[in-house]
Structure formats: C-alpha cells, structure tokens
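Below, each chain spelled out in residue letters.
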Amino acid sequence: MIRPRWRKVLSDLWDNKMRTLLVVASIAVGVFSIGMIAGTYEIISKDMGASYASANPANIDLRTDDFNQELLDSIKNVDGVNEAEGRRFFSVRVRIPGGEWTNLDLVAINDFTDNHVNLLLPIEGNPYPANKQVLLEKKALADLSVQVGDDLEFQLPNGKIKTMAVAGIVQDQTTGAGDFLAPPLSYVTRDTLPWLGQSTDYNRLLVTVEGDSNDIDHIREVSTSVSDKIEKSNILVYRTELNKTNEHPMSSTVEAILGILMALGILIVFLSSSLIANTLNSLLTQHLPHIGVMKLIGARSQQIFGMYIALILSFGMIALLIALPTGGQAAYALSLFIANKMNFNLQGYRIVPLAYLLQIIVALLIPLVAGFIPVINGSRVKVQEAISGSGLSASKASYGWLERLGSRVKWLTRPMLISLRNTFRRKRRLLLTLLTLTIGGAIFIAVFNVQLSLEDFIKKTEKYFIADVTLNFDRPYRVDEINNAVMNVPHVQHSEGWSFVSADIIRPDNSVADYLTILAPPVDSKLIDPIMLEGRWLQPGDKKAITVSEAIWSDFPDLQAGEQLKLKINGQEDEWTVVGIFRFISRDQIIGYATYDYISELLNLPKQAFSYRIVTDEHTLEYQKQMSATIDKYLRDLGYHVSETQAGLSTLETASESLAILINFLLIMALLTALVGSIGLTGTMGMNVMERTREIGVMRAIGATDGQLMRTVMVEGMIIGLISWFLGAIFSFPITFLLSRIISLAIFNSPSQFVLNPMGFIIWLGLVLILSAIASVLPARSAARLTIREVLAYE
Amino acid sequence: MNDTTNALQIQLRKVIKRFKTGAGEYIGLRGVDVDIMAGQFVAIVGKSGSGKSTLLNMITGIDHPTSGEVLVNGVNIYKMTESERSLWRGHNLGIVFQFFQLLPMLTLLENTMLPMDYCNAFSPNERPERAMELLKMVGLQEQAHKLPAAVSSGQQQAAAIARALATDPPIIVADEPTGNLDSRSSEEIIELFYQLVSKGKTIILVTHDPSITKRTTRTLVISDGMIINETVAQALPLLNHTQMLKVTNLLERMDIPAGNTIIHKGEHIDYFFMIAQGEVEVVLQSQKREEVTLARLGAGEFFGEVELINGSNSIASVRATPDGPVKLVALHRKDFADMLVGSPLTEESITRIVQARLAQNRAADRRRRLW
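Chains as they are written, first to last, in our numbering: chain A, 4 to 798; chain B, 28 to 398.
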C-alpha cells in the first residue's frame, strides 16, 4: 500500500488540476523549446552536410570556355583528381505552352546512367531522360506547375522555340541557396544539344578530389593543377568555385541562425524557470497549513522537504512526457522546413539523444533549482506560523509611494484602486512575472527593430537594383544601337549598357581563393547607389580599380580599402586596387564593381555590352514584368539574341528571400517568448485570484456585479502588462543592439546599424494588452463565478 | 416599536435547503417560514450547525434555496442572476461579517466608498463626504485614512458597519458581528445597531451572545434546520433546543376573539396554553357576583399549568381581554407531562410558578369571601 505521505503528493498533483496544469505548462514550454532547437541544431548540422555529401558534390567547379571530351579525359589523369565530369550550361526561357516565360538554365549531361558528381536524386518519373526530353530540378516547379509527361516550350538563345516533354523531376542537393541569383536548373542529354542549336562541347568542369575532400587547401592545390592543365590548352577558366564534400555552402549561415535560436531557447528556459519559481512559491504558501499539521503530528523538515521535492519532480516528469515527444516532432518539422528552403534532404525522423538529454536535464533540474528556495523555506516553517490562518486583514498596515500616489488621483474609482494596489501586493511574484513578460516584450520589440534594420537593408539593397528591367544578350551588341532601339519602346526612359566578367581571386600563394563576379556600369551610372563600408565608389578614369562586397572578408578578413588584390580575368593575372568595400546581401557570394570603360577595354569589346539596365516610367513589380516582356518581344522581333529579361524587383525578391526566412524565424521565437510571458501572467493572475477568493466574495456581498469583478482582475493584469511594456521598451534597446550585431555578423560579416522600429513598440503594446486581457480573463471569469457561500464560510 | 404597524419586509416561504456533501445529502433548512417586518431587530440563535447561517444566506441571496421562495420587499431574489442579485444586494442589504472582511488594500474611507462605487449610489462627488459622515457616526473619523491592518478589531467592525450602511440599504444583516470582539467593543457595536433600529433600519443578526438577544425585538431560534415557535422559546426558555423543537411540532393553535372566555372556573382542562399574541385576564367572581382580575398575562406567558400539575379542575376563569383578539398555542396534557419529564429544570421552574399562582389565588379567594 502506498504510504500516506506519498498519497498526499499524489493528491496534491491531482486535486488542483488547474495549478498542476500551470506548473506543467511552465516547465513544458521551456523543455519544448530547448528540445526543438537542440534537436533542429543537431539534425540540421548532421543532415545538411550528409545530404550535401550524398550528392557527391564537386570539390572544384570551373566555368570555362568550351572544351571537348579529350581534354576532360586528360584532366581525369591530373594528380589528385578522383572524378571529373563535363557539363554544358546555357540559359533558355521556358513556358508551359501559352503561359508566361521564365528563365531556366539547361544542363547537358553526357550519360545520366554514369553520373558520379553532383548526383541527381530522382523524385518523380524517369531519372534518365531520352533525347529531346528534359528533367526538371524541383525548384523549377515553383515557377512552372507541370507534371511528368507534360510538354514545355523552350526558347533558345537564337530565338527558336523547341518543345520537350518532362521526363522526370529530380533534386540537385548541390544547388542550395548558395547562388541565390541563379535560375533553376533542368537537364537534357548531351545528344540533345545539336537539336537545341548548341555545340556538344562542355563549358563547366566538375571535379572531385582524391584524398581529403574536406581539406580546402588540398582542394585548392588540385584546382590549381586542373586550371593549369586547362589553360595550357588555351581554354580560359572564368570562375573557380571550391567546396568541401561535407560542408553545405550555406552551413555557416544556417548555423549562425540556429545559434541565435539556441540563445533564445536558453532564454525561454530561464523565463520558464522564473514561472516555476512563482508557481511553487504560491503552492507552498497555500500548503502552509498542511505543512503545519504534518509537523504537528511529527513530520521532520527533511521529510516535508522530500515530499515537496517529489512533487516538483513529478511536475517535471509530466512536463517531460508532454514536451519530449512534441519537442522531437517540432525539431523534425522545423528541420524539414529549413531543409526544404535550403534544398537538402533529411535522413528521416529520429530521436536526437543530445536533445532528449538536455530536455531531461531542463525538465528535472530547472524546477528543482527554481523550487529549492521556496521548498526549503516552506519545510522549515514553524508549526505556529504554518497553522495560524489569517483573514483578510492579515496585511500590511501602510502602503508605499505608488499606492499613495494612486489615492491622490481623484478620478481613480475604488475598484480601479483595488486593481492598482493588488498589482503591488505580491512584489516578488510581480517581479518574476514582470521579468518574464519584460524579456519577452524586449525580444519582441528587438526582433521588430532587427527586422526593420534587415528590411531597411533590403531596401537599401534595392539601390543595387534600381533599373526596372535587366536585359541580357548571348552576344555583345553596340551600346548605342541597343540604347536607341530600347528607347523606341514606349515608357522606357533610360538605358545603360553594363559589362560584366568573372574573375578568380588569387591568394599570395597563387592558389584560387574564390571567384568574383565583376559588374561594370558606366562610371556615372545613376542605377546603383551602394552602401559603402570603407573607401570610395568608382571614379572616372579608374583603371584596375575595383569595389568589392563585404563577403570578401570571409577570405581576406584584414583587407582594407586601398589595398591590392590579385585577380585572374580571362587567364590574365593582375594586381587590382580595392578602392572601396560595400555592403551586399550575401556573405557567400562576392561581387565587385569596376568601370565600364575599363572592363570593356579589358574584354576587347569597347562600346559594346552583353547586359543592359533599363528604367521605365513606373516601378512596381507588375509593371516591370510587363515592360520586360514588351522589351523582350520588341528586341527579339528586331532579331537581337536576347538571352533573358528580368524585372528589377524580382531579382531583389529572390535575393532577400533568405533574410525573410530569418525574420520569420525571429518572429516565431519572439512570439514564443511572448507566449511564455503570457503563461506566466495567467499563472500569476490565477494565483492572485485563488488567494483573493475571500476578497472577491466580499466584493460580491457588497454589490459588485460580474462585470465589475472581471474588470478588477483584468485591469490588474493589464497594469502588469503595461508596466512590462514600458520596461520591455527600455530593455529592447540593448537587446536590439546585441541581436542585430550577432545577426549582422552572421549574415553580412560586419556589424549592422541600430534601427528603431516604432511598429515593434506599438504592436507589442497592443499584443501585451491583448495577452494580459486573455491571461486574466480566465481567472477573472472564475472570480466572477465564485459564489459568496463558497468563499465566506460562516460556520 | 410596534411591529404590527410596520410593513412585511422579508418573507421566507417553505424554504428547504439540501446540501450534497461527500458523506451524502444533508438538509440545512427543512421548510422554514419566517416573516420579518420592517424596523424589527431580529436575532437568530441556534447551535453550531443548526442552520442559522444557512437561513441568513437565504435572506441575503448568498445561497440558493432548494425549494421555496424568499421575498424581500416583495421581490423574489432567486429569480435574478447572481450578478443582478449582487447589485440588488448592494442597494438593499448591508452585510456585516464576523471577521469584518474589509478589503486590506483600501483605507477605511475607501472601503466605505466601495459599495457606492459598485452600485453607483450617490454622485461621485458626494461619496467621500457620505463615507466620512458614516465613519464619523461610528466614531472613526480620525482613522478614516488608515488601512484596516492599522486599526483595532473593534474599529474594523465599526468600519464594516459604516460600509454596510454606505448605500443606505433598508436592511442590515450581520453574522456574529461581535463574535470576534472583546466585551467593550461588543457593547459599542450593539449600541450602534440599536441606533440604526431607532432610525428605522431592519437588523437581522446571527449571534451566540445571550446579552444581545435580550435587547432584540425578536429572537428566532433555529434547531436542526427548523424554526422553533417563538412563543415556546419565550415561554419555556429552560428547554433545550431539541425539546423546544419537539414541543413546536406538537402545538395546537387557537385564535380567541376579544372578550371571549377560554377557560371557565371549575372546568376540566386538557391543555397547557401559551400566549403568542394579545393579552388574557385571569378572573374570579366574588360572592356579590363581582369580578376580581387576578392577573393579566401577555405574549410569552402561559396558563393552565396549575390544573395539569395538580390534577384539579380550573381554579379561575381565563378570557381574552376586550382590547383585542388573542393567539394561543396549546400543548396537550400528555405532551406537557412528557415535556416535564424530559426537562427537570422546566418542571422545577413551572412548579415554582404554580406555587406562586396558588398562593396568589388563595389570597384572592380569602378576599373574595370577605366581600
């Protein structure tokens, strides 16, 4: 038979279900968040790399002039090369017959059955397309709602339209969010190329290395040998991209985001522990008479301590039962969401032992720590103190300045005064509640500030994309010619020819550090307004002068404006002066700007350009899209070889997508902290009402209606909400500073600016008032439902 | 005060209250009928658990009767919602509790103003003034701005009375208002109640204190969920409550018109008569056929006991006075005998009265013969 004292513990758990629920919820929220975040962290960091590695990603990815099978075969014999495969990449436009055109890169693969690098994962249909069939990468489905077997129309660079059936859908896990401006991919057999008006030569080389494929220095060495080999055949290497086998190109960004989430998770645990302390304090106060009676009949302090510790552990166990499986599920769901966004696959649902361990520790240890002091105090209480029940008047005989202030305010009615003074009756409880709500609020406001600073940043990034239409050709045309042609299109106001070129950045040891896309606008272009971090923008007459995006710092952390950087352009190595460093969205992709005059001269294409920027008389995305189509058609009809036209804002939209994901994450976390805060407030209000049932009965007895009673409780809750808002607003400043610094460092490699978003303050004010009202409505309803007989027992 | 001239204010009709407890059903009130007139000072007494607070809760609308109805000033208070009843209560009833139940976060003045706020009684500008007047009336003007914890228990109870009067309700209900006070404070509180009655308030209080019941207009004794007949409680105070209740259940009621004779001298008597209302005269006739009035007996007094105890025929005539009709309650000879067996104290007391009345009768008889 169960011993009476343990029966008491059981009945304490069971009899006051609302309280048990509250304590369990307080613990469970913290345990859930830590489980979800730790689980996600573990799943993502393992699976992101594993998924990437499973595609056997190319360690070396070279963009080159056309080369043939013979060269490819000879590269396979270069020292350190494990596998080498050639691809042909070219841009086309695609549409569902009769639909709208979108851009797509077609990739020709020699033999789908003998593919060893950048493996394609079959998702649907036949992974081995026949000639004149196409495989779509699943990201392409975002723009094209087609099914396997459907026909698609492809417009070739020469303007001809060819129709191919979709053989299947595949996933290329190596095309993550690394190159966010790249269009989606689709695949054809090499034998289809002539039909598409293309040469069967390759222009892309994918290589995996022998030996340690996660050693970037080793990869670089092999890459240098391969490049040498290619260039010896008089073939230019435009761009070199190096990747470790087990490291997803986006892993550092994702880990940074997960790090921030982890920090917020720990904060939630901390907040939930203050809730637990609050609830246990109140529980012990309610139990003082029981403790008194137990001591009266011989219980020792240790025994009482043991009973309440057992009670606390039981709360933890119940919370664990709830939060362990749900946290695990949520971790997997969150991982799946990230994986989908980043285009990699998870290795299936699984239990993450580390997350479970953390959850068990948090569920059992945190309540123990939080409850230790109340339990120690409770178990040491003297019998007399414990059993001397006190009526309403057991209260202080004078009140503090705040309450006095309240009584001086003439328009405050007595019911309002009650709410105001009740707020400050349990100062410790108020403090803990305020702590939770304040931090929740501060984070919420901070997230809005950070969101604004990120959005502000995206807004500023627009200034890199001022043009309404970007127009690319697959061959250079004279700038005057195109400008004149384009200006004939109604609503076009301005047109500029831009040059561009790919460059490899060379380390002092002559290995390739990274690649760089150099855009070359006219030096007086009004279509770019950069955010300079260091140095200056381009000036007329600049030669071998370049401005680079801050992403350069991930390869050259100490680089400063005015210093030299060795670039290899079209096989030519030269020292360039970095005149300025500017901010751009991606930390993974370096871009640079040089003057049109210099680059066009360097490319031997003076007064000609592949790429044009056009300004129209309206700047909405819809209008830009419409104008893109008009200009595209107009130029094609004139016989120009347009490879793609793009609306300016859609480029920006793609570019800022990853930031939008981050903002959403932060908002979810902010709401979660707000949720913990409001659970805390519900708990506090519930405890307050529970302790004040007698007073509520008295109010009823002297004429308080349901509405008046509910108002008294709800106003108290809202006063707490308002105070927390005020404090939260103050604390949001340092948190904003810290959060934007961490995020900015994680994403941009440089600290960001401090921006305040009044919306955050306003929304949180509204939200905290609503949350406070909701948090107190339940206790208020139960207060109104109490009958006087229940609370004022006469006999 | 003349009760009958005042209007009927509170009516309880066949009020039954059943409680369901873990141990089963428990009946708190077993069909109680009570009428209380405006301006009465009514004490409700009874042992612990007898149902007196349940009765009070029925009047205040704090608890629901299982059946029966409660009318206060003609309003059936259980036809309202809890919230409406609360507002009604604020306007019509002032409640004073044993443990004062002042709200600890409000000063005495604020506590007194609170019911006015809740019931929107008096204009907001008048409220502080009125509250102060009430506190002055209960002698607390100096303490008005103190919190309850800063004043004595007696002062807290006085403040609670001031609060009960805040909306100027016609009825004050108090549950053991002196139960938690020393005798001096007790006295002051009762004095306050007296003043209120003199100003026309109806006061109903539950008490254990016999010194209070001596000063009230009526005392309702409740036992085992039933009201003991007030005449029995008054006439036979030495019975315990169970015995009183038993007697109550055996009573026969009689209405005698003014001037009508109830007992003729020399008649055989089978009843013990107690006067509920009106007056009777005990008379003897002289030899000259002149009447001698031996005594006038009023409410709460009894007659017929001499004959029942001595086993004799009636020793005098008893009739209703010409002033008005008389209401009697009567106990049958056998029940009377049983009652005396059950209560030796009552027997002793009645025996003493019998002896005194016989002595009075003999003296009168001697005088009668001389006439």
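No lab work stands behind these hints, which were simulated from the structure alone.
The beta carbon of each residue, even a glycine, is placed where N, CA and C say it ideally should be.
Keep in mind that a hint or two might mislead.
[As the list claims (entries may be wrong)] With a cut-off of at most 25 Å between alpha-carbon atoms, the simulated SDA-like pairs for lysine to any residue come out as follows:
| hint | chain 1 | residue 1 | chain 2 | residue 2 |
| --- | --- | --- | --- | --- |
| 1 | B | Lys-47 | A | Arg-697 |
| 2 | B | Lys-47 | A | Ser-785 |
| 3 | B | Lys-173 | A | Arg-697 |
| 4 | B | Lys-106 | A | Ser-785 |
| 5 | A | Lys-141 | A | Asn-85 |
| 6 | B | Lys-173 | A | Ser-614 |
| 7 | A | Lys-20 | B | Lys-47 |
| 8 | A | Lys-11 | B | Ala-50 |
[As the list claims (entries may be wrong)] What follows is a list of derived Cβ distance ranges for each label pair:
| hint | chain 1 | residue 1 | chain 2 | residue 2 | range |
| --- | --- | --- | --- | --- | --- |
| 9 | B | Arg-45 | A | Arg-784 | 24 to 34 Å |
| 10 | A | Gly-769 | B | Thr-244 | 33 to 43 Å |
| 11 | A | Arg-784 | B | Val-368 | 38 to 48 Å |
Right, here's what the structure says about each hint:
A threshold of 25 Å between alpha carbons decides the hint, and for Lys-47 of chain B with Arg-697 of chain A the separation of about 22 Å falls inside it, so the pair holds. Our distance criterion of 25 Å between C-alpha atoms is met by Lys-47 of chain B and Ser-785 of chain A, whose separation comes to about 22 Å. The suggested pairing of Lys-173 of chain B with Arg-697 of chain A holds, with an alpha-carbon distance near 21 Å, which does not exceed 25 Å. Between Lys-106 of chain B and Ser-785 of chain A the alpha-carbon distance is near 22 Å, which keeps this suggested pair within the 25 Å criterion.
Annotation: proposed proximity of Lys-141 of chain A to Asn-85 of chain A is violated, straight-line Cα distance about 28 Å (limit 25 Å). A threshold of 25 Å between alpha carbons decides the hint, and for Lys-173 of chain B with Ser-614 of chain A the separation of about 84 Å lies outside it, so the pair is violated. Taking the CA atoms of Lys-20 of chain A and Lys-47 of chain B, the gap is near 22 Å; set against the 25 Å cutoff, the hint holds. With a CA separation close to 20 Å, the supplied pair Lys-11 of chain A and Ala-50 of chain B stays within the 25 Å bound.
Checked against the hint of 24 to 34 Å, the C-beta distance between Arg-45 of chain B and Arg-784 of chain A comes to roughly 27 Å, which is consistent with it. Between Gly-769 of chain A and Thr-244 of chain B the beta carbons are some 60 Å apart, a value that contradicts the proposed interval 33 to 43 Å. For Arg-784 of chain A and Val-368 of chain B, the Cβ-Cβ distance of about 59 Å falls outside the hinted range of 38 to 48 Å, so the restraint is violated.
Checked against the numbered hints given earlier, the structure breaks hints 5, 6, 10 and 11 and satisfies all the rest.
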